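J.: Chain residues, written in single-letter form:
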Amino acid sequence: MVLKLMRRKEPPDPYLCKPIITDRFNLVNCTRKQAIKSTAPWRTDSEILHNLMMPKAAYTDFQWVKVVGRPDGHARFFHAIVAKEIKGTIGTHRLTIDRSGNASLALVIHARSWWGKGVFEEVRTGIMDHFSASDRVVRFQGRVLSRNFSSIYNYNKMGFRMIGFDRKAWLSPVTDEHCDTVYYEMLSEDWQKKRDGQDKTDAQ
Amino acid sequence: MHSEAVSIIAKALGTSEESITPETSLMTSAEWDSLAHFRIVLSLEERLGRPLDPAEITTLADFTAIKALLEHA
Chain A
24 MVLKLMRRKE PPDPYLCKPI ITDRFNLVNC TRKQAIKSTA PWRTDSEILH
74 NLMMPKAAYT DFQWVKVVGR PDGHARFFHA IVAKEIKGTI GTHRLTIDRS
124 GNASLALVIH ARSWWGKGVF EEVRTGIMDH FSASDRVVRF QGRVLSRNFS
174 SIYNYNKMGF RMIGFDRKAW LSPVTDEHCD TVYYEMLSED WQKKRDGQDK
224 TDAQ
Chain B
40 MHSEAVSIIA KALGTSEESI TPETSLMTSA EWDSLAHFRI VLSLEERLGR
90 PLDPAEITTL ADFTAIKALL EHA
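Line by line, the protein sequences are chains A and B.
The numbers in the numbering used here rise by one with no breaks, and the one at position 154 of the first sequence is 177.
The numbers in the numbering used here rise by one with no breaks, and the one at position 30 of the second sequence is 69.
Treat the hints loosely; a few may be bogus.
[Said to hold, decoys possible] Pairwise CB distance ranges (calculated):
| hint | chain 1 | residue 1 | chain 2 | residue 2 | range |
| --- | --- | --- | --- | --- | --- |
| 1 | B | Met-66 | A | Ser-127 | 21 to 27 Å |
| 2 | B | Pro-61 | A | Asp-158 | 38 to 44 Å |
| 3 | A | Arg-122 | B | Glu-70 | 40 to 46 Å |
[Claimed, not checked] For lysine to any residue, the following SDA-like pairs were computed, each having C-alpha atoms within a straight-line distance of at most 20 Å:
| hint | chain 1 | residue 1 | chain 2 | residue 2 |
| --- | --- | --- | --- | --- |
| 4 | A | Lys-217 | B | Thr-67 |
| 5 | A | Lys-180 | A | Ser-157 |
| 6 | A | Lys-217 | A | Thr-45 |
| 7 | A | Lys-180 | B | Leu-81 |
| 8 | A | Lys-79 | A | Leu-210 |
| 9 | A | Lys-60 | A | Val-105 |
| 10 | A | Lys-180 | A | Trp-138 |
| 11 | A | Lys-191 | A | Leu-75 |
| 12 | B | Lys-50 | A | Leu-210 |
| 13 | A | Lys-191 | B | Ala-94 |
| 14 | A | Lys-32 | A | Gly-96 |
| 15 | A | Lys-32 | A | Arg-99 |
| 16 | A | Lys-223 | B | Thr-67 |
| 17 | A | Lys-180 | B | Asp-101 |
| 18 | A | Lys-180 | B | Leu-87 |
| 19 | A | Lys-140 | B | Gly-53 |
| 20 | A | Lys-217 | B | Ala-94 |
In case anyone wonders, no lab produced these hints; they're calculated from the structure.
Because the structure is a prediction, the values reported are computed rather than measured.
All C-beta atoms, glycine included, are put in the ideal place defined by N, C-alpha and C.
Please put together the full structure from these sequences, using the hints given.
T.: Below, the structure written as structure tokens:
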């Protein structure tokens, strides 16, 4: 009870809650109910859960509600990735901001027919453009399995800096093996400089 | 320019060996997508006969890094 009283609930951030639109996708900022619905397709997908370093290989509906938690529009965001072409959700982007302005990123494309089609770069660019415009985000960070070559490729391609790795840091419930993980980061100001540079090049 | 690195990259990218230059990288080559990258890593592991460690995997972003990895094998 005391803990509940001490926990102050911040109101949703009006700017950060705005919808994000890219060339091919609408990134819909989800309520808790919408987040549970948009992530349901991969609740039992062991390959996706493995790559996200989740502690279980599958979740029940009840467990999943707890895993998703509460997107609050202030520090926890779930964006459903809705493809304009098919008017359907093909994945989810999760972003959490801590008190120091570190934004942790995770992206899932559960619709495998969209793999290898540049979704990661387009969605992540839209998200980072949007969130880097807020002074609450100072730094973006991500952690991936070292054998997740697609994610490693995408972080490198987007200009993230590899800042370190942990050996055998995560025991996979799917393979029952200890896996190495890699950390990436990019400062919000560096992302903005990179994008300003791209805009100037495009304009020439 | 012919080297083992050229051969591995060209095969993974599905392009000719002549199109691979020292400047070829995932930033400069349209063919170097995530699938091609996957093929490059697997080819290197097959060639070296061991899984690559995280430090190696994360630096494989251009021709120079791949050439250096093969030379130091």
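J.: It remains to establish, for every hint, whether it holds in the given structure.
T.: Right, here's what the structure says about each hint:
| no. | hint | in the structure |
| --- | --- | --- |
| 1 | Met-66/B with Ser-127/A: 21 to 27 Å | holds, 25 Å |
| 2 | Pro-61/B with Asp-158/A: 38 to 44 Å | holds, 41 Å |
| 3 | Arg-122/A with Glu-70/B: 40 to 46 Å | holds, 43 Å |
| 4 | Lys-217/A with Thr-67/B | holds, 16 Å |
| 5 | Lys-180/A with Ser-157/A | violated, 23 Å |
| 6 | Lys-217/A with Thr-45/A | holds, 18 Å |
| 7 | Lys-180/A with Leu-81/B | holds, 19 Å |
| 8 | Lys-79/A with Leu-210/A | violated, 32 Å |
| 9 | Lys-60/A with Val-105/A | holds, 13 Å |
| 10 | Lys-180/A with Trp-138/A | holds, 16 Å |
| 11 | Lys-191/A with Leu-75/A | holds, 15 Å |
| 12 | Lys-50/B with Leu-210/A | violated, 35 Å |
| 13 | Lys-191/A with Ala-94/B | holds, 13 Å |
| 14 | Lys-32/A with Gly-96/A | holds, 11 Å |
| 15 | Lys-32/A with Arg-99/A | holds, 12 Å |
| 16 | Lys-223/A with Thr-67/B | holds, 18 Å |
| 17 | Lys-180/A with Asp-101/B | holds, 11 Å |
| 18 | Lys-180/A with Leu-87/B | violated, 25 Å |
| 19 | Lys-140/A with Gly-53/B | holds, 17 Å |
| 20 | Lys-217/A with Ala-94/B | violated, 25 Å |
Checked against the numbered hints listed earlier, the structure breaks hints 5, 8, 12, 18, 20; every other hint is satisfied.
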